[in-house]
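Given only the sequences and the hints, what does the whole structure look like? Please build it.
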Amino acid sequence: MKRNLLLICIHVAAAASLTGIACAQDASPYGAAGWPIPANSVDAPVLATLQTHNLAMRPPCSDEVFIRRVFIDLIGTLPQPHDVRAFLQDTSSDKRAAMIDSLFQREEFVDYQTLKWCDLLRVKSEFPIKLWPNAVQAYHRWVRNCIRDNKPYDQFARELLTSSGSNFRVPPANFYRAVQGRDPMAIAGAVALTFMGVRLDGWPEQKQAELAAFFSKVAYKGTREWKEEIVYFDSSATEPLKVTFPDGSTTAIPAQQDPREVFADWLTAPGNEWFAQALANRVWYWLMGHGIVHEPDDIRADNPPACPELLTLLSKELVGAKYDMRQLFRLILNSRTYQQSSVATEPVPDSARFACYTIRRLDAEVLIDALCWIGGKGEEYSSPIPEPFTFTPSTQRTIALADGSITSRFLESFGRPTRDTGLASERSNTPSDAQRLYLINSTDVRQKIENSPQLRKLSDSAAGDRSRLVGDLYLLLLSRHPTPSEQSAAEEYLRSSGLQGRQAFTDLAWALINSKEFLCRH
Amino acid sequence: MPALSPAGETMDRKLTLSIAVSLVAITFCSVVWAAPQARAKSVIQIWMWGGPSQLDTFDPKPDAGYDYCGPLNKTVQTNVPGIEIGELLPLLAQQADKYSIIRSMTHGVNGHETAAYMVQTGRMPGGSLVFPSVGAVVSLFKGYDHGYKSLIPPYIVLTQTQGRFSEAGFLGPKCKPFATGGNPNASRFEVEGIIAPGISDDRQRARRNLLHTLDTLGMALPTEPVFEQLSTAEENAYDLILGESSKLFDLSQEPAELRDKYGRNTFGQSCLMARRLVEVGVPYITINYGGWDTHKQHFQIMRRMLPEMDKGMATLLQDLADRGMLDTTIVWWGGEFGRGPRVDWEPPWNGGRNHYGQCFTHVVAGGGFQGGKVVGASNATGEQVAERPVSVQDLIGSIYELMGIDPDAPLPNPRGEHIKVLPSSEEMGIQTKGRLYEIM
Chain A
559 MKRNLLLICI HVAAAASLTG IACAQDASPY GAAGWPIPAN SVDAPVLATL
609 QTHNLAMRPP CSDEVFIRRV FIDLIGTLPQ PHDVRAFLQD TSSDKRAAMI
659 DSLFQREEFV DYQTLKWCDL LRVKSEFPIK LWPNAVQAYH RWVRNCIRDN
709 KPYDQFAREL LTSSGSNFRV PPANFYRAVQ GRDPMAIAGA VALTFMGVRL
759 DGWPEQKQAE LAAFFSKVAY KGTREWKEEI VYFDSSATEP LKVTFPDGST
809 TAIPAQQDPR EVFADWLTAP GNEWFAQALA NRVWYWLMGH GIVHEPDDIR
859 ADNPPACPEL LTLLSKELVG AKYDMRQLFR LILNSRTYQQ SSVATEPVPD
909 SARFACYTIR RLDAEVLIDA LCWIGGKGEE YSSPIPEPFT FTPSTQRTIA
959 LADGSITSRF LESFGRPTRD TGLASERSNT PSDAQRLYLI NSTDVRQKIE
1009 NSPQLRKLSD SAAGDRSRLV GDLYLLLLSR HPTPSEQSAA EEYLRSSGLQ
1059 GRQAFTDLAW ALINSKEFLC RH
Chain L
474 MPALSPAGET MDRKLTLSIA VSLVAITFCS VVWAAPQARA KSVIQIWMWG
524 GPSQLDTFDP KPDAGYDYCG PLNKTVQTNV PGIEIGELLP LLAQQADKYS
574 IIRSMTHGVN GHETAAYMVQ TGRMPGGSLV FPSVGAVVSL FKGYDHGYKS
624 LIPPYIVLTQ TQGRFSEAGF LGPKCKPFAT GGNPNASRFE VEGIIAPGIS
674 DDRQRARRNL LHTLDTLGMA LPTEPVFEQL STAEENAYDL ILGESSKLFD
724 LSQEPAELRD KYGRNTFGQS CLMARRLVEV GVPYITINYG GWDTHKQHFQ
774 IMRRMLPEMD KGMATLLQDL ADRGMLDTTI VWWGGEFGRG PRVDWEPPWN
824 GGRNHYGQCF THVVAGGGFQ GGKVVGASNA TGEQVAERPV SVQDLIGSIY
874 ELMGIDPDAP LPNPRGEHIK VLPSSEEMGI QTKGRLYEIM
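These protein sequence lines map, in sequence, to chains A and L.
For the first sequence, counting from 1, position 176 maps to 734 in this note's numbering; every step adds exactly one.
For the second sequence, counting from 1, position 419 maps to 892 in this note's numbering; every step adds exactly one.
I should point out that these hints are in silico values taken from the structure, not numbers from a laboratory.
Note that the Cβ used here is the ideal one computed from N, Cα and C, for glycine as well.
One should not assume that every hint holds.
Using C-beta positions, here's what the derived DEER-type ranges look like [what the hints assert, rightly or not]:
1) L:P695 with A:N861: 27 to 33 Å
2) A:E786 with L:Y617: 45 to 51 Å
3) A:S722 with L:A853: 47 to 53 Å
4) A:S807 with L:E708: 53 to 59 Å
5) A:G592 with L:V753: 54 to 60 Å
6) A:S940 with L:Q726: 32 to 38 Å
7) L:D570 with A:Q954: 53 to 59 Å
8) L:H619 with A:S722: 50 to 56 Å
9) A:G934 with L:D675: 26 to 32 Å
10) L:L731 with A:T903: 57 to 63 Å
11) L:A853 with A:Q815: 56 to 62 Å
12) L:R888 with A:E945: 33 to 39 Å
Right, dumping it as structure tokens:
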């Protein structure tokens, strides 16, 4: 008897999947009819590039897509149902811009952007970067404070480049310790990658050596405190240091002046487009998923930007805004380019990929946080090695995890960067079989769904009203209302699955969590 | 890995070309670079995480006195005349004809991270590339790009990855090990994701249909590459969940008596599981066996853990041999270093052994390695290599050769540089006699 019921349910599901195909006739939940925002300065150069490929700008994304996208991109967090409801009900014409501004004020914004910078700055305790736990905490806290205070980017870079002192007491001095090697060339490689978006080993040897010269007087010494280390300027030379800047200009640095200061002056000078363009390109890559120069840390003459006008515009705006990073975010996020729907039929050539929002699997940290949010309990991370031991409480989000050495099976499996090199490609958001096994069938995900206080609350408050239950579940997990065909297919499953108790509802939540829409930003 | 693929393709092409060239060369009997003939099909690596004590296992020094031996000053005669091992390994003593003991391993590094990296990759740390572990390299050369078809991943870790460095290095996610999780000694070995308790196959199918029905975004974007990857991964996952493969992890299919022989503990049952994985053709299995970092309470821990190790490893060797699998399966035992031959009696150690990379022991068996041999020797106290120093490059290079992987072959890397699979000792500037041809 039970077997028969199950067979029936499979038939129903198969029938429903036929109607599912027909759901293309539903109004798409992903697009909007007309543009709710004006074009901004970013859009003209993008449009011009699209036109050279005979492509038009895609239609605007719906409010539902926008709120989910901007939450994930800016704060690494899914919007909650009340966020979505309020936003959908808001009728003001500038509500998208207002939403962007409000997200800058969130703690999660600070955490998530700090995470990105700590990937780039290779913040981890041990191997092959050996910052050690105390210094990791100090460094992470310093980066976090800079993001929180919106420290101008030129000042941020200057402090990283020129700091001297103890790794515990002068956190930015750790910049010179978070390198796989202490020789001037290794340091120069990190500087070029971090601030110029350049892979130094692609340069001619002489130019590499010229850049390394600026870091030839960085020195290190221990103290009597365990694992404390002081980074300092070795001023023992008596002769001036003759240097050549990457742009070919030269100068002689007096023996008593720290060459790092001279380099920082050159790098952050308002006329140095290199510096601003590298950041603009990186932020574009973070938000759009594809760099104007791609990859974002491979800027070189034979890898030109897909749209030089756009890169120039962004860097001018950044310099004009006195290196206010949030202003750069604002400019991109308020463009039609960013707010295009990602649903399109025409294939996009590589040289126009920067111009369209790229669908990506959620970052490992964002995904585990989302799953933990559903499960009602955060991950507990700890590191028994190296000493001092580190424990983070389950109330702390994974996006706020300071130490790249502290890891978990999930983070390993879902491609969190190892923070060995600072290359953007270290982060892998490529789906794999092992990830799919985990999501589909692991005890962990099963328990998160079964024990979820949120899901329990939903089913309790719906009190048997299937229609409401399905609607609330979609809002919770996909930040939107179901389409009519989704609504009926889901209700059908609840009605006829033949499963006991909350199992059918559990399956529905499981199906939405395993959907491409949940797993990807789109 | 967008950065890897262009370089990787070129490298693959180069590799194919080289192989073609070598085939021609072999035909004409010239002495040219050629991929070695594979003698082994699989490796079972027993990773003695933390650094096991060589004096208390395979390189006893009963005459060195209490400061070196502590209370464990007896040896046991093995079934090979002239070879004695530690008194707590009586079962392994009966298998000595199957393995060779390398008593002169050396790299001189005493930090876990650096030493583990060196022993697992054969590389010195530093530079901007992080190299792959031996298992990742084997899964690259013996995995899906080279005819491996099974759904069971080609590189499996029982049960947890180390997490100390990324095993796949720059080879990226496709060469990452699949860590089973779970406990093979539990009544049901719940391999993470493959075995789910309490969900019938029918319900699995029903909710999979539901997933497809509700896949609105996926249907709107049928050619989106990320979605295609997700769909492929989903198909593979279900083939594992619902297919025959899931039975592979059901250890209750083994005779209870044999399970007892392996030892009813995580390590013993991991050894048994490793044999089952070799049977279905998995080329690389690591058993991550922790607990050997015995700074304190060293001798108490040896008395507790060595009998467990003895049982599991000895039964594995016997079982592989009984099934005729040992000839094609390498068993590799060892950690990132050994432990200090001189016992540290002072507080806070109170009779412990600390890290020691100057001279330590690894053991290899099967897959073309001869048994019943001792390679090299340590001095009277075990503190220095006395004969035939063996580097990690010599050892790993030998394993690669037996697996049919040429250490000189190019290794695809994100820089597109010409990097070999493994440098030789000579190229690393280390003075040794090279690979272990005396036991191959």
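Compare the structure with the hints numbered earlier in the document and write down the numbers of the violated ones, lowest to highest.
Nothing - there is no hint that the structure violates, so all of them hold.
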